[in-house]
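Student: Single-letter residue listing:
2 protein chains.
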Amino acid sequence: MKAEIIAVGTELLLGQIVDTNSAYIAQQLTTVGLDLHFKCTVGDNLERIKSTLRTALSRSDFVITTGGIGPTLDDLTREAVAEVLNRPLVFQLRLFEQVSDFFRRLGRTVSDNNRKQACIPEGAIPIENPVGTAPGFIAEQNGKAIITVPGVPHEMRYFMEHSVLPYLREKLGIREVIVSRVLKLFGIGESMVDERIKDLIEGGTNPTIGLLAHTQIGEIHIRLTVKTPDVASAASLINPVEGEIRKRLGNFIFGADEDTFEGVLSALLRQSGLTLAAVETSFGSSIIQTLKGMEGSKDFFRLGLTLVNPDMARPLLRAAESLPGGGELLGEEAAGWLAEGARRLAGSDLGLGLTGRVGKEKGQDHLVHIALAHSRGTEVLEQRWPFAMRFIENRMTKMALSQVRKFLLEARG
Amino acid sequence: MKAEIIAVGTELLLGQIVDTNSAYIAQQLTTVGLDLHFKCTVGDNLERIKSTLRTALSRSDFVITTGGIGPTLDDLTREAVAEVLNRPLVFQLRLFEQVSDFFRRLGRTVSDNNRKQACIPEGAIPIENPVGTAPGFIAEQNGKAIITVPGVPHEMRYFMEHSVLPYLREKLGIREVIVSRVLKLFGIGESMVDERIKDLIEGGTNPTIGLLAHTQIGEIHIRLTVKTPDVASAASLINPVEGEIRKRLGNFIFGADEDTFEGVLSALLRQSGLTLAAVETSFGSSIIQTLKGMEGSKDFFRLGLTLVNPDMARPLLRAAESLPGGGELLGEEAAGWLAEGARRLAGSDLGLGLTGRVGKEKGQDHLVHIALAHSRGTEVLEQRWPFAMRFIENRMTKMALSQVRKFLLEARG
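Residue numbers (this note's numbering), protein chains in the order written: chain A, 1 to 413; chain B, 1 to 413.
These are calculated hints, taken from the structure and not from any lab test.
Keep in mind that a hint or two might mislead.
As the list claims (entries may be wrong) - Derived contacts from chain A toward chain B, CB cut-off under 10 angstroms, selection only:
id	residue
1	Ser22
2	Tyr24
3	Phe38
4	Leu268
5	Gln271
6	Ser282
7	Phe283
8	Leu307
A virtual CB, placed ideally from N, CA and C, is assigned to each residue, including glycine.
Working from the sequences, and respecting the hints, build out all of it.
Tutor: Below, the structure written as C-alpha cells:
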C-alpha cells in the first residue's frame with residue numbers, strides 16, 4: 001500500500017521554516033510497512049491544496065496532510081479535504097468542547113474562530129487533540145483515506161503515535177510487530193564497524209542489521225530489527241546477535257536505545273563516587289558546558305575553568321612550575337599541566353585538560369591534546385584530524401569525556 | 001511566472017535527512033519575483049521522477065530539480081528530464097574534462113561512472129561545477145525550462161548564486177534590483193516592536209517593512225526591502241526609514257545585515273579595552289562558552305569559572321564573606337557575590353555572575369539573576385519567564401551578554 005505526505009503552509013513553501021514534520025512522518029510510515037513515494041508542500045491556497053490532494057488520492061492509498069488546520073482564515077486544509085471528497089463540513093460539539101476546555105486550562109476564552117476547528121468532513125473519524133487546539137480527522141472514501149494532522153510538531157507527533165499509527169496498523173491488518181534495538185558506539189569509524197560485523201550484516205534476516213553514522217555527534221548506531229508475532233519474543237531473537245556484536249566491538253558500545261553518551265557517563269561517574277574538574281582553553285570544545293548539564297552533576301563535577309590567556313594560568317592553578325611547552329595554552333605538556341592543575345585546585349579525583357589548535361589551511365590538521373590526571377599519573381591523548389573536518393569541537397568534547405569513561409570502566413575492572 | 005521545486009532522493013523522502021535545500025531555493029526564487037506554488041519530494045525512481053516532472057511542467061514555468069545527478073546507478077534525474085523532454089542525453093567532453101580535473105585536484109582518478117555525469121539533454125545549457133563533480137543544466141522547451149542543480153547543499157548554493165539566478169533574472173527581464181537591509185534587535189518582544197513602528201509598516205511601500213521573530217535566538221529582525229533601478233540608489237530610499245526606526249527603537253537594535261550579536265559585542269569589548277570574567281552555575285546558560293568563542297577573546301576574556309557546588313565557591317573566589325542568600329548558588333545576592341568574585345579573582349574590569357532555577361512545573365517561572373560587577377558597583381537584573389518557555393538558556397546567555405553591551409554603550413556615552 002502506498003502513502004503520500006502533503007505539508008500545507010506558505011511559510012514552509014517559502015522556506016521561512018524548514019519542514020521537519022515530513023521527515024518524522026516518513027520515518028513512522030516505514031514502521032507499518034507503507035511505501036512512501038511522494039511528499040509535497042503546498043501554500044495556503046484552497047485550489048492548490050485541492051489539486052495536490054486530488055493528485056495524491058489518484059496514486060496513493062493513504063494521504064497524510066500536516067498543517068493548515070488552525071483557527072485563522074488562511075487555514076484551509078479542512079475545507080480542501082471536504083471539497084475534494086465532496087462532503088460538507090460538519091460541526092462537532094464534542095470537539096468544540098474539547099477546544100474550549102483547552103483554552104480554559106490556559107486561562108483564556110475560546111473565540112469564534114475556534115468553532116471552525118471543530119468542523120470535520122461529514123462521516124470522518126474525529127481525532128481529539130489533548131495537547132493543542134486543532135483536532136484532526138480521518139476521512140475514508142473508496143478504500144482510501146485522507147488523514148489530517150496539525151502542523152505544530154509536538155501535536156503532530158502526538159497524533160501520529162496515539163491515533164494515526166494505531167489506525168494504520170489496524171487497517172493494514174498488521175499482526176506482526178517490528179521491534180528494534182539500537183546499539184550506540186563512539187570512538188570508532190563506520191568502515192571499521194562494518195569490517196568487524198560484515199558477515200552478521202550480510203547474513204542477517206531476522207534481525208536485520210543496519211549501520212548509520214551520525215557524523216555530527218560522532219556516533220555509529222547499529223540497528224537490529226526483528227519482525228515478531230509479539231513483543232515478548234523479540235528479545236530471544238535479538239539477544240544472541242546483540243551478544244555477538246558486543247563480543248566483537250566491546251567498549252566502543254557505550255549504550256543502547258534511548259541511552260545518551262552523557263547519560264551513560266553521568267551514571268558511571270555517580271557509581272564510581274569519583275569527582276572531576278576540567279580546564280578548557282580557547283579551542284571550541286565544550287567539556288565544561290556538557291559536564292555541568294549532566295544529570296546529578298553536583299555529585300561529581302567540582303569545577304570548570306576556562307582560560308584563554310596563558311598569563312592567568314599559573315597563579316590560578318597554583319602551579320609550582322610555569323606553563324610548559326613554549327608558554328602557550330597548546331600542546332601535550334600544557335594539556336597535562338592543565339589537567340593536573342584542575343585536579344589540584346578542585347581537590348578532585350580526576351582532572352581533565354584540553355588544548356587544541358584548529359587547522360585553517362589545507363594540509364594543516366586540527367591538533368588536539370586531551371589529558372586526564374588521576375591518582376596514578378597523567379595520560380595524554382593526541383588527536384589529529386583533517387583540517388576540513390566539521391564538528392571537530394563536538395568530536396573532541398566527546399573524545400575527552402570518552403577518556404573519562406574508559407578510565408572508569410578500567411578502574412571498575 | 002510560476003516556479004516549482006522538485007527534490008529528488010529516497011533519503012529525503014524517507015526522512016533520513018531533512019531537506020534544507022528547498023527552503024534555500026524558495027527564498028532565492030522570491031528575490032526574482034517568481035511565485036512558488038508547489039514543492040515536491042520524490043524518491044530515486046525513474047517513473048516517479050518523470051511523473052513529478054510532467055505534473056510540474058504542466059502548471060509551472062520554471063521547474064528546479066535538486067539532487068539525483070551523482071555518479072551512481074540510483075541517480076536518475078538526468079535520465080528523467082531527458083525522457084520527459086523527449087531528447088537524448090548527450091556526452092559533453094568539456095564537462096567531463098572539468099569533472100576529471102576536479103578529481104585530479106583531490107588526488108583521485110575519475111571513474112567510468114563519472115562519464116554519466118557529463119551527459120545532459122540535447123540542446124540544454126550546461127552549468128559547470130567548479131565546487132564539486134556534478135555538472136547541472138538548463139533545458140528549455142516551449143517557453144518553459146527545467147533547471148537541474150546538485151543536491152549537495154554547498155554545490156546547490158553555488159549553482160543558484162552563479163548560474164540559476166542570473167539566468168532567471170535575464171529571462172524575466174529583471175532590470176530592477178531588490179535590496180534589503182535587516183535590522184537586528186534583542187531584548188524586546190515582537191508585539192512591542194510592532195507597536196512602535198506600526199505606522200511605518202502599514203505605510204511602507206518602497207521600502208516595505210517586515211518583522212520576523214527568531215524565537216530560538218531571541219532576536220527580532222526588521223527587514224526593509226526596496227526595488228530600485230540600481231543598487232547605488234537603494235541607500236537613499238532605505239536610509240531615511242532606517243533612521244526613523246532607529247530613533248524609535250534605539251539600543252534594542254544591536255546590528256544590521258550580516259552582524260551577529262556576538263560579533264558586535266566582541267568589537268565593542270575590544271574597542272573599550274576593558275576585560276571581563278564570568279562565573280556560571282548549574283543553570284544551563286553558556287556565557288563562558290560564548291565568550292571564549294568570540295573573535296579576539298584573548299584580548300578581553302580573562303577567566304571563566306563554572307561552579308555547580310556551593311562549597312567550592314568561597315575558597316576559590318577568595319571571598320571574605322560566605323555565599324549569601326541561603327548558601328545556595330541561587331538568587332540575587334549570590335549572583336552579585338559571584339560577579340564580584342569573578343572580577344576580583346581575574347583582576348578584570350567587569351565580572352559577570354549568573355544564577356538560575358529552571359521552572360519545571362506549571363505556575364513556577366524560570367527565575368534567573370544576572371549580575372554585572374564593575375568599578376562603580378554591582379547591578380543585578382532579575383528575569384522571570386513562564387515555565388514553558390523553550391530556549392530559556394540561550395535567551396538568558398544573551399541577556400547576560402546584553403547587559404555587558406548596555407554597560408559598554410553607556411560607558412562610551
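Student: It remains to establish, for every hint, whether it holds in the given structure.
Tutor: Hint check:
1. Ser22: It holds, given that the least Cβ distance between Ser22(A) and chain B is near 7 angstroms, below 10 angstroms.
2. Tyr24: holds, 6 angstroms
3. Phe38: Hint holds; Phe38(A) Cβ to chain B Cβ min 6 angstroms, cut 10 angstroms.
4. Leu268: For Leu268(A), the interface hint is violated, since the closest Cβ of chain B sits about 18 angstroms away, which is over 10 angstroms.
5. Gln271: violated, 19 angstroms
6. Ser282: With Cβ-Cβ at 6 angstroms, under 10 angstroms, it holds.
7. Phe283: Because about 9 angstroms separates Phe283(A) from the closest Cβ in chain B, which is inside the 10 angstroms limit, the hint holds.
8. Leu307: holds, 7 angstroms
Against the hints set out earlier in the document, violations occur for numbers 4 and 5.
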